[in-house]
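*Asks:* Please put together the full structure from these sequences, using the hints given.
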Amino acid sequence: MEDLPIISETLISESDSDPPSTCLQGSPEHPGACRAESKPTELLRALEVVERDSVAIAESFTSLFASLRLALSEVTSSSVDHMRCFSDAAGRLQESALDAATRGNRYINSCLRLNEEMKGVDGLAMQLKILRRNVDALDSAVNRLTRLP
0 MEDLPIISET LISESDSDPP STCLQGSPEH PGACRAESKP TELLRALEVV ERDSVAIAES
60 FTSLFASLRL ALSEVTSSSV DHMRCFSDAA GRLQESALDA ATRGNRYINS CLRLNEEMKG
120 VDGLAMQLKI LRRNVDALDS AVNRLTRLP
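FYI, numbering that gives the first Met the number 0 numbers position 98 of the sequence shown as 97, with every residue one higher than the one before it.
Calculated from the structure, these hints are not laboratory results.
You may find that some hints are simply not true.
Pair by pair, the computed Cβ-Cβ distance ranges are [what the hints assert, rightly or not]:
{"#": "1", "residue 1": "Val120", "residue 2": "Asp80", "range": "56 to 62 angstroms"}
{"#": "2", "residue 1": "Val74", "residue 2": "Asn114", "range": "43 to 49 angstroms"}
{"#": "3", "residue 1": "Asn108", "residue 2": "Leu144", "range": "51 to 57 angstroms"}
{"#": "4", "residue 1": "Arg102", "residue 2": "Gly122", "range": "29 to 35 angstroms"}
{"#": "5", "residue 1": "Leu130", "residue 2": "Asn104", "range": "35 to 41 angstroms"}
{"#": "6", "residue 1": "Arg51", "residue 2": "His81", "range": "42 to 48 angstroms"}
{"#": "7", "residue 1": "Thr61", "residue 2": "His81", "range": "36 to 42 angstroms"}
In silico DMTMM-like pairs for lysine to aspartate or glutamate, Cα to Cα no more than 25 angstroms straight-line [said to hold, decoys possible]:
{"#": "8", "residue 1": "Lys38", "residue 2": "Glu58"}
{"#": "9", "residue 1": "Lys128", "residue 2": "Asp138"}
{"#": "10", "residue 1": "Lys38", "residue 2": "Glu50"}
{"#": "11", "residue 1": "Lys128", "residue 2": "Glu116"}
{"#": "12", "residue 1": "Lys128", "residue 2": "Glu115"}
All residues carry an ideal CB built from backbone N, CA and C; glycine is no exception.
*Replies:* Printed below as a string of structure tokens:
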């Protein structure tokens with residue numbers, strides 16, 4: 000298995016790039032002045048954080064999709080290899096089945112020829128039985144003739 004890309008995580012922290020406000024928070028003469036000045040600064044700071052987070056998330060997704068692409072490629076490659084192996088095995092099985100069918104047909108044809116030849120043997124067996132009876136009768140006659148005193 001090939002090495003997967005390393006997913007890096009970036010720690011995002013807020014940095015104090017803006018100097019602290021010179022405005023006093025509890026000033027009774029201008030209660031909203033400090034808030035008005037700090038709102039754009041806080042907004043810019045928040046936008047910077049969101050932008051950094053978005054970039055980090057985009058990098059994470061890029062890494063994730065690269066990993067998924069690699070895994071899919073490996074699975075597809077394995078599937079293709081398995082299909083080739085299956086195809087080879089199926090081809091060999093088909094060849095073996097055809098060979099077995101051919102040999103089976105030869106065997107059946109040999110049995111049919113033997114059966115035809117055996118049909119002629121029945122007549123020959125009948126002739127041999129008759130010949131055997133005649134030989135037995137001849138043997139008996141010879142034995143009777145040779146026993147005469």
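*Asks:* Which constraints among the numbered hints does this structure fail? Numbers only, ascending.
*Replies:* 2, 7 and 8
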